[in-house]
Every structure is written in structure tokens, then in C-alpha cells.
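Novice: Just so you know, the sequences run in chain order A and B.
Those letters in the first sequence? Residues 1 to 179, by the working numbering.
Those letters in the second sequence? Residues 1001 to 1438, by the working numbering.
Calculated directly from the structure, the hints in this document are not laboratory data.
Do not rely on the hints blindly, as some may be mistaken.
No more than 25 angstroms apart at the CA atoms, straight line, and that leaves these computed lysine to aspartate or glutamate pairs for DMTMM-like [to be verified]:
| # | chain 1 | residue 1 | chain 2 | residue 2 |
| --- | --- | --- | --- | --- |
| 1 | A | K84 | A | D161 |
| 2 | B | K1397 | A | D76 |
| 3 | B | K1223 | B | D1361 |
| 4 | A | K84 | A | D160 |
| 5 | B | K1397 | A | E42 |
| 6 | B | K1265 | B | D1315 |
Across the chosen pairs, the derived CB separations fall in these ranges [to be verified]:
| # | chain 1 | residue 1 | chain 2 | residue 2 | range |
| --- | --- | --- | --- | --- | --- |
| 7 | A | M21 | B | V1413 | 43 to 51 angstroms |
| 8 | B | G1359 | A | R37 | 47 to 55 angstroms |
| 9 | A | F127 | B | L1318 | 43 to 51 angstroms |
| 10 | A | V89 | B | F1336 | 23 to 31 angstroms |
| 11 | A | A92 | B | F1336 | 23 to 31 angstroms |
| 12 | B | F1336 | A | F28 | 35 to 43 angstroms |
Residues on chain A that point at chain B, a partial pick, calculated with CB under 8 angstroms [claimed, not checked]:
| # | residue |
| --- | --- |
| 13 | A20 |
| 14 | L69 |
| 15 | G71 |
The beta carbon of each residue, even a glycine, is placed where N, CA and C say it ideally should be.
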Amino acid sequence: MLQYVRAVHALSRICGVTAAMMIFASVFIVCQLVFMRYVLNESTVWQTEIVTYLMIGATMLGMPYVQLLRGHINVDLLPLYLKKAPRKVLFAVCVLIQISACAVIAFYSAELFLQAWDGGWRSSSVFGTPLWIPYLAMPLGFGLTVLQYTADLMMLSRVDDPFLPLTHQPLQPTTEGER
Amino acid sequence: MDPLLLSLFVLIATIAVLFSGISVGFGLIIVSTMFILWQDGVFGLAVIPEVIFGKLDSFALLSIPMFILMGAAVASSRAGSDLYELLSRWLTRVPGGLVVSNLGACALFSAMSGSSPATCAAIGKMGIPEMVKRGYPKGVAAGSIAAGGTLGILIPPSVTMIVYGISTETSIGRLFIAGILPGLMLTCLFMAWAIYSTWRQTEGVVVSSIKYTLKERLELMPKIVPFLLIIVFVLWALYGGVATPSEAAAVGALACVVLAIVVYKMWKPTVLWHVFRDCTKESVMIMVIIGASGLFSFMLSSLYITQSLAQWIIDMQLNPWMLMLMINIFLLGAGFFLPPVAVILMAAPILLPIIVEAGFDPYWFAVVLTINMEIGLITPPVGLNLFVINGIAPDIKLQTILWGSLPYVGCMVLAIVLLCLFPGIATWLPTFLMGPAV
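Working from the sequences, and respecting the hints, build out all of it.
Specialist: Dropping the structure here:
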């Protein structure tokens, strides 16, 4: 179980680094666009579309990482009001609901991706990006978020407050031992 | 079912889901999915990914991660404490100078970082201990920083304004310019209250006896001025219509990162990673809420809720100011619990047609809405800034911070009243610089 949690955390971190790199790349691409358009007075073809898709990719792939950091903002009135045990129950219920929603979207976005792949869909711009590439980010992002949520559920017995990131609290020893 | 009754159900479901502790973004997706399922059955679900993708598929949205990166680079550097030091050296002879310079530093830093909690943390870390040391009451010290931090979402460039611009299809450059004078007015109101409360509580104005030479006053300038020049350049590019917000923000972000590396020697990969991690964390959080709110508005309009609600309010033929009062109370209530971005994304598309129909200016409304959101940042139960201050100054009780901040809520309400009496405070500068709104 612990190995699964570690593997998922590693995956989420890889996603986080990828998302950060996508944002970093967008900065340079837009600066290149500005240089082409305003300094060289040349027309730009691919930049606007690519950075928009990079941003969508960063958002989707960033989701599991932000969940790992507990960065998705929530109204924490009720969790703060509850004592330790009921708070864990509430967390489990919230996570189960979120897993089902993410799974539904992961399923239907995978379908959209397959349609775009089979049909050879392209964006309507001059550049005509194959649409399966940006669409792929959605099943990946929502699917990996489901994995991250299951890992959060597995760690439930070992943390004091599941609504806080793991790095902000001591972990309880596990019965199956650290492997 | 009657759309108005249905809207009541949606409201109850949204409140129940959001208050359970589920994150705002996923909460909106869950509520929307439930009602789409109820309306169209399983076949309706297939449209969800397309709606979310369609909402995020916009070049204008890219300005959000870019401005956040710009702010993250500034916030991770020592620019906050340098700015604080610079202003306190210049304003040392002004009566109550330290609290005034703190508020000034908050206003400037909020322009540089675009974030309220980051402003509180950056200025408060230096400012609060210094003020307490020099004899300012703890409540005044903590309250002024908590309030000063809220300026971050009003003074441009502000991510909150960008989100408003995108969700209502108004000009982001114009929104930024509209925020300048109200931001300055609010800063002055805050300063006036800070001086008055210090004078009242200490029975005499705290005047510093420390003197600084001109050299000491000037030596920090080269570190701070380049950051301010970047902000001025970005605003100039925006209001002059030279570049789109995303283009201006990307150039600004690159310039801020390079400046942070050069001026503050932040070249170590771990330090840079922290900047990018913070930027990614905040951008993803906001973008997920934006995508989710796209789905939420899609659900609302496919159930005819948006249209019916707007028609219903218009049919009531309320006095426009009565309507504005009700909207303000609603926004204030929502702002008590929800982050500004979420309130704007959910409420602005529904409220804007009603506002415009009643004869109000959408840019003026953006300012009023933002000040309402600022109030939510320093009021319980979820006043973010209060908790930031509590984190950086653990020896000041939360209660003291709260009581110190409350009078500033009064200043903000006064600012809203002034804006209602003199709408020109928000609309004059954009009209003067950019011509009348189309």
C-alpha cells in the first residue's frame, strides 16, 4: 500500500514539474511572439495556439500535484469545526464524491480524445494542431487526480489532519511497517 | 420545473457542496454534473469535457499564470522588505510615519505582486515587529497590514480584475486603469484611519527620532525602481492598446524573473523552483475554478436559470440603488465565505446583464465588486489575511488582529458609498486616458 502511495506521489510530482515547465515555456514563446510581431513586424502563426494548449495542459496535469499540496482552495469552516475523527470521515466522504466526479470526466474526456484521434480532428486555425494532443491532457489530468485522491484515502489513518498537506504534519507509524 | 424554483435548488446544492470542505473547483464541477445528469440523463454528460476545454481555450486566460508568475518572482525575493525599508526611511519624519509607510508599502507591493496574502506576508514580516517595537499598539500594527494587503486585488495589475474582465468580456486594460484612483482613495482612507487610531490609542503621535542621510534614503532605490518600472510599462502597454494582456504579462513576467535573479541573486535552482512551484500551484487552482465555472454557467443557462433570474429581477422594477444595495449585500455575504475569484466567476456573468440594464457602468461595478471582495479578506470566518498575519506574528492574538482590522472594513464601506455618490472616481481616469467605453 505504501509503495502505491509513494508511486502516486512521485507521479503527481512529475506532473507538477511538467506543468511548471509548460508555464515556463509559455513565457518564452509569448516573448518570442512579441518580438516577432512588434519588433520584426512579422505575422505569427503557431504561438497563440500552442501557448493556449500548453496552459490547458499545465492546468490538467497540475491538478494531481496541486491536490498533493492541498492547494485546491476550499471553504474549511466545517472541517475546522469538527473534531479529529469526524473530520477524517468528512474528508473520506468528500474525496469519494470528488473521485466519482473526476472519474466521470476522465471517462468522457477519454472518449473525446479517441474521437479526435480516430477522426483526425484539427484546430480551425491556419496552424491546425491535431486536437488529440490537447484533448489527451484531460483524461490524463483527471485520471491522475483520481489516483492522487485514492492515495490520500490510503494515508487517512496515518495523518492528523487529512485536509492539510502531508509535509505539514508528522506521519503516524504504520502497522505494516515502512518498506 | 419552474426555473426560479430550480435556481433555489441549485443554490442549496452549491452551498451544501462548497461548505462540505470539497474544493471550490471540483465542487462546481460536481454540482453542474448532478444537474446536467438530472436534466439530460447520462447522454448529457458527454458534453462536459468539451465545455471545460472550451472555457479554458482562450489566449486571454494565459495572462493569469503570467501575472501570477510576475508576482511570485517579486514575492519570493527580498523586494518586500527592501520596499518597506525604503519607504520607512523616506517617511520617518511624517507623524505616524511608520504606519503610513507600511500602508504605502502595501499599496506598492500589491501592485508588484498582485496578491493580497503575499503582500501581507512580505510587508507584515518586517512591518509588524517594527511598529510594535516603536510603540504602536498591536491592533493598529496588525490591522493596518491586514487591510493594506487587501489592496492587492484592486490596484493593478490584479488577477481578480483579469478574471472579471474575462468572465464579463470587458477590457482588462480599462479595468486596470479603473482600479487606480479607487485604490489610491482607499489607501488614503486607510492611512487617515491608521493615523487617527494611533493618535487616539497612544495619546500623541508616535514620531520616530531616527534620522537617515540622503545616501541611506537613496541606496535602496536601484533595487526597487526597476520592478516599479516594469509595472508602469505593463500598464502603459495595456492601456495604450499596444499589446494584449497576455503579451504584456509574459514580457513583464520574464523581466521580473530576470530582475529577481540579477538583483536578488535568486539563481539557485531550488529558489527558482519555489517561484515556479508557487506560480503553478496558484495558477492551476484558479484555472480549475475557471474551467469549472464555465461548466457551472453552461448548466445554469441550459436550465434557463440565468435568463429567468435576470428577467425576474428586471421585472421587479426595483429602484436601481435599492438593487445595488441588495447586490452589495449578496456579494458581501458570498465574500465572507468564498475566495474572490470564485465569487466573481460565479456571480459576475449573472449580475452583469442586470447591472447594465439598471444603467450602471460595468467598469465601475468591477471596482465596487472588488472592494466587496476585499472586505471578505479581513472578516471572519475565512478572512485569509487575518490568518496570514496570525501566521507571521504569532504573538499577536487573532482577536487583536480582528479588532484592529474591523475599522478598515468601515473605510471600505465608506469607499463604496463614495463610489456610489461619485462614480467618476472609477470611470474618469479610463475615459480620460482611453476615451468613452464602447
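Novice: Give a verdict on every hint.
Specialist: Results of checking the hints against the structure:
1. K84/A / D161/A: holds (7 angstroms)
2. K1397/B / D76/A: The given pair, whose Cα atoms are some 21 angstroms apart, holds under the 25 angstroms limit.
3. K1223/B / D1361/B: Between K1223/B and D1361/B the Cα gap is close to 39 angstroms, so the pair fails against 25 angstroms, i.e. violated.
4. K84/A / D160/A: holds (7 angstroms)
5. K1397/B / E42/A: violated (59 angstroms)
6. K1265/B / D1315/B: violated (61 angstroms)
7. M21/A / V1413/B: 43 to 51 angstroms: This hint holds: roughly 45 angstroms between Cβ atoms.
8. G1359/B / R37/A: 47 to 55 angstroms: violated (39 angstroms)
9. F127/A / L1318/B: 43 to 51 angstroms: holds (50 angstroms)
10. V89/A / F1336/B: 23 to 31 angstroms: holds (26 angstroms)
11. A92/A / F1336/B: 23 to 31 angstroms: holds (28 angstroms)
12. F1336/B / F28/A: 35 to 43 angstroms: holds (41 angstroms)
13. A20: holds (4 angstroms)
14. L69: Interface hint status for L69/A: holds (6 angstroms vs cutoff 8 angstroms).
15. G71: holds (4 angstroms)
Checked against the numbered hints above, the structure violates hints 3, 5, 6, 8; every other hint is satisfied.
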